[in-house]
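K.L.:
Each chain, written out:
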Amino acid sequence: MLADLGYFAVAITFAAALYGAGAAAYGAIRRRPAFVESGRRAMLLTWPLITVAALSLIGLLLTRQYQVAYVASVTSDSMPTYLKITSWWGGQQGSLLFWSWLMAGFTTAASLRKWDRDREFLPWVIVITMITLAFFLSLVLFFENPFARLWQTIDGQQVSALFQPVGAVALHPSDGNGLNPLLRHPGMIIHPPMLYLGFVSSVIPYAFAMAALITGRSDDRWIRLTRRWALVAWLFLSLGLILGGRWAYDVLGWGGYWGWDPVEIAAFMPWLTGTAFLHSVMVQEKRGMLKHWNMTLIIMTYSLVIFGTFLTRSGVLSSVHAFAQSSIGPMFFGFISLMLVVSVSLLIRRWRQLGGENELQSFASRETLFLVNNLLFMGIAVICLWGVLFPIISELFTGQKVTVATPFYTTATAPLWVGLLLLMGIAPLSAYGHSTWKTLGRSIWKPLAVSLILLPILIVKSVTNPAALLGYWLVAFVACVTLYEFWRGAQARHQRHGENLWRALNRLVGRNRRRYGGYIIHLGVIVMALGIIGSQMFQQQTQATLAAGEQLTLGPYTMTYDSLAEFNTDDGRQVDRAVVSVFRDGQPVGELHPRRDYYFAAQQPMTIPGVRSSLQDDFYVILVGWEPIASQGATFKVYLNPLINFVWFGGFVFIFGTIIAAWPDPDPQVVRRPVKSGRRALART
Amino acid sequence: MTGRRSLALACFGVTLAVALTLGVSLTAEAQPPTPSDNQVNQVASELYCPVCENVPLDVCPTQACAQWRELIREKLAAGWSDAQIKQYFVTQYGDRVLATPPAHGLNWLVYVLPPVAILIGVGILAGVLRSWRREPVPMSDAPAGAEDPYVRQMEEELQRRERGD
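Sequence lines, in order, name chains A and B. The first sequence begins at 1 in the working numbering and counts up by one. The second sequence begins at 1001 in the working numbering and counts up by one.
Don't take each hint at face value.
[What the hints assert, rightly or not] If we take Cβ atoms under 8 angstroms as the criterion, some of the chain B residues that face chain A in the derived model are: (1) Thr1034; (2) Pro1035; (3) Asn1038; (4) Val1051; (5) Asp1082; (6) Lys1086; (7) His1104; (8) Asn1107; (9) Leu1109; (10) Arg1133.
[As the list claims (entries may be wrong)] Pair ranges (Cβ atoms, derived): (11) Ser337(A) x Pro1102(B): 30 to 40 angstroms; (12) Trp1080(B) x Thr63(A): 12 to 22 angstroms; (13) Thr1091(B) x Val52(A): 53 to 63 angstroms; (14) Phe363(A) x His1104(B): 38 to 48 angstroms; (15) Val344(A) x Leu1113(B): 42 to 52 angstroms; (16) Pro1115(B) x Gly59(A): 52 to 62 angstroms; (17) Gly59(A) x Tyr1088(B): 28 to 38 angstroms; (18) Leu458(A) x Thr1091(B): 38 to 48 angstroms.
Rather than coming from a laboratory, the hints here were simulated on the basis of the structure. Backbone N, C-alpha and C fix where the C-beta goes; we use that ideal spot for every residue, glycine too.
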């Protein structure tokens, strides 16, 4: 019953989305505002409707309705309630419904703004968002239906279908398989929603950009309307990536957080083009240049969002054949192609209207440096895209599967990351328009000189790896430049207004949130870079089999294997848990409990490391194997990850900076009317 | 005769026993010690799991990969070099066990395309920058709905005053 209601709600939402797109397009083309309004109302209906479908699914998940195939595949009796709810996005069908639900929610939120000044955008924003929503709903409706039930056909086969196949009998398993153990980690519970939020909120700037192209508005209004959306999308993408890294570190048990896996890269690519967009958009706002490029970037970001979902959902990554057999793969392929062709055709049609309003005045100007920044981000995106696509192409043309893994990406992208860090140090000191190398040099030399002091210190501390020296120097240089910028601004306010430095700094950031939020993001990046360089270049590892009481030494740490216990838990696991004592420089620093959980229902093991964390490093112990009589021996793999916590700490700073940059201003349209009282608000816009 | 024969047999037996003992002990001395986990992981880290996607062999938790690591240990014990072991895995399971595709045939594209794409990007960027410098693009026609220049001027003025107060 609940399943029928859910499916029916999806079907109605699909119809509403299609109607909304059709009515809005018709109204815009025929200049019939009533149709546009009707389309808008249909759009506003989609979110409540799909919420009914979502609640139905959650109801099914919570009430052990194992006759529904999705419920049986992702939940089980032993799972706690919160995990049953988060199973909504734990499998293919549910996650597509989740995507659609978020998409409808964001579209509704975007449509609730005031449209007085941008009436002509409205119908086309409705068309683009509703077509995207209808596409995802069509996948849920026709191919990946989370409401399908389990049936046993006459020939004994188990199938899932919404309606009873002829002669089949309904199946009602007494328990489900349960959620994939790897997905039961808090990081994995929050990570997909964050990523999906990033994905769906990227659709909004794209919809406005397309509306601008269709209506022929060549000014930067669409950017002003959507820059906060773009930042919010980027915030969620960043959060999703960072949480994904933390999840990998905690759960996958290989001592790292980023493995250049195609699934990771699928989420990383829209982040790269989105980052390029957030930079180049400033050039359009300040100088009226790069209009074509910004359109191109937003089209790419949208396409990569859909492409990323396609990569992870179609099975194409495991093999071309899986893609060919999957029902949704070709649908995705068709949709991406269609949207790309339409977007690029529109862009070409409006090409001449999107000419720049200013000429380039200097190669040392900030706009040039932003362009170089964009080139580097695009270079990394191309490497990522190619690395993901090549194994598919190879299998398609030669039948031979190949692996393109970490060494390819690190070697190919390393020089580009170095370039980006360098730019991060130089660009904030350059000016828009007139800027000469001389003036640039004059403002750079102080932070440059300070940062160079670091090199001899590092060499004295016996850091001799040239790559690490370069990396650390770049981090120091960017830190000096960024902090210098804060200091200069605060100092200026202090002198002009007599504010104390702390207050001056607060006001400085508060009144220029985008700029200083951006600088805080830069600080976050370099703190992360510190951790990445440390953990990638100076990681140590060893593996050994120890009898009870035996020791193992790695770096300053010594570990003693004390004991191992095996027990079963109520939620269907067999746990093998070792106890090891850890000493640093001979001093005891605590016990760790690396363990291996075996989930009976899913027949899947999960390795949970024991980690001793400090700002300096992580001592990360994995239980690899053990003898039947535990005291005889257990095998441990141990990693020493220097500075790794800076990655997470930098992540916090990064997200904090993004929130500051994206924090909403009071609506300028409201405070604009009386000029006298609106001065402050105007200055912020 | 019998006595001499027994003596000969005894001598032969003793000689054989001594030879065997010596031989065994010599063989035992010649055999290298069992390769350590770290030696095995060193080789395994350069190989990728032949069945999982993108998982290095040294960290793959599956039973199959544990057996492959044992295979590496056996090969190392038998005196195989790292390169020989890698080649063995390639012959058995194909190029996909290598971290990056070997540079032959279509695989060249993996290495050639990204630098070419970036060089083209540099070329386009240089061209665009030069053209902007040479011929300034005239202001595009103010589109319908663009912000009023008067309003913009007023905003700039207000911003200046805000900065100045």
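K.L.:
Look at each hint and say if it fits the structure.
P.N.:
Hints, one by one, checked against the model:
{"no.": "1", "hint": "Thr1034", "in the structure": "11 angstroms, violated"}
{"no.": "2", "hint": "Pro1035", "in the structure": "12 angstroms, violated"}
{"no.": "3", "hint": "Asn1038", "in the structure": "6 angstroms, holds"}
{"no.": "4", "hint": "Val1051", "in the structure": "11 angstroms, violated"}
{"no.": "5", "hint": "Asp1082", "in the structure": "15 angstroms, violated"}
{"no.": "6", "hint": "Lys1086", "in the structure": "13 angstroms, violated"}
{"no.": "7", "hint": "His1104", "in the structure": "11 angstroms, violated"}
{"no.": "8", "hint": "Asn1107", "in the structure": "7 angstroms, holds"}
{"no.": "9", "hint": "Leu1109", "in the structure": "7 angstroms, holds"}
{"no.": "10", "hint": "Arg1133", "in the structure": "5 angstroms, holds"}
{"no.": "11", "hint": "Ser337(A) x Pro1102(B): 30 to 40 angstroms", "in the structure": "32 angstroms, holds"}
{"no.": "12", "hint": "Trp1080(B) x Thr63(A): 12 to 22 angstroms", "in the structure": "58 angstroms, violated"}
{"no.": "13", "hint": "Thr1091(B) x Val52(A): 53 to 63 angstroms", "in the structure": "57 angstroms, holds"}
{"no.": "14", "hint": "Phe363(A) x His1104(B): 38 to 48 angstroms", "in the structure": "42 angstroms, holds"}
{"no.": "15", "hint": "Val344(A) x Leu1113(B): 42 to 52 angstroms", "in the structure": "21 angstroms, violated"}
{"no.": "16", "hint": "Pro1115(B) x Gly59(A): 52 to 62 angstroms", "in the structure": "54 angstroms, holds"}
{"no.": "17", "hint": "Gly59(A) x Tyr1088(B): 28 to 38 angstroms", "in the structure": "55 angstroms, violated"}
{"no.": "18", "hint": "Leu458(A) x Thr1091(B): 38 to 48 angstroms", "in the structure": "45 angstroms, holds"}
Violated hints for the displayed structure, listed by number in ascending order: 1, 2, 4, 5, 6, 7, 12, 15, 17.
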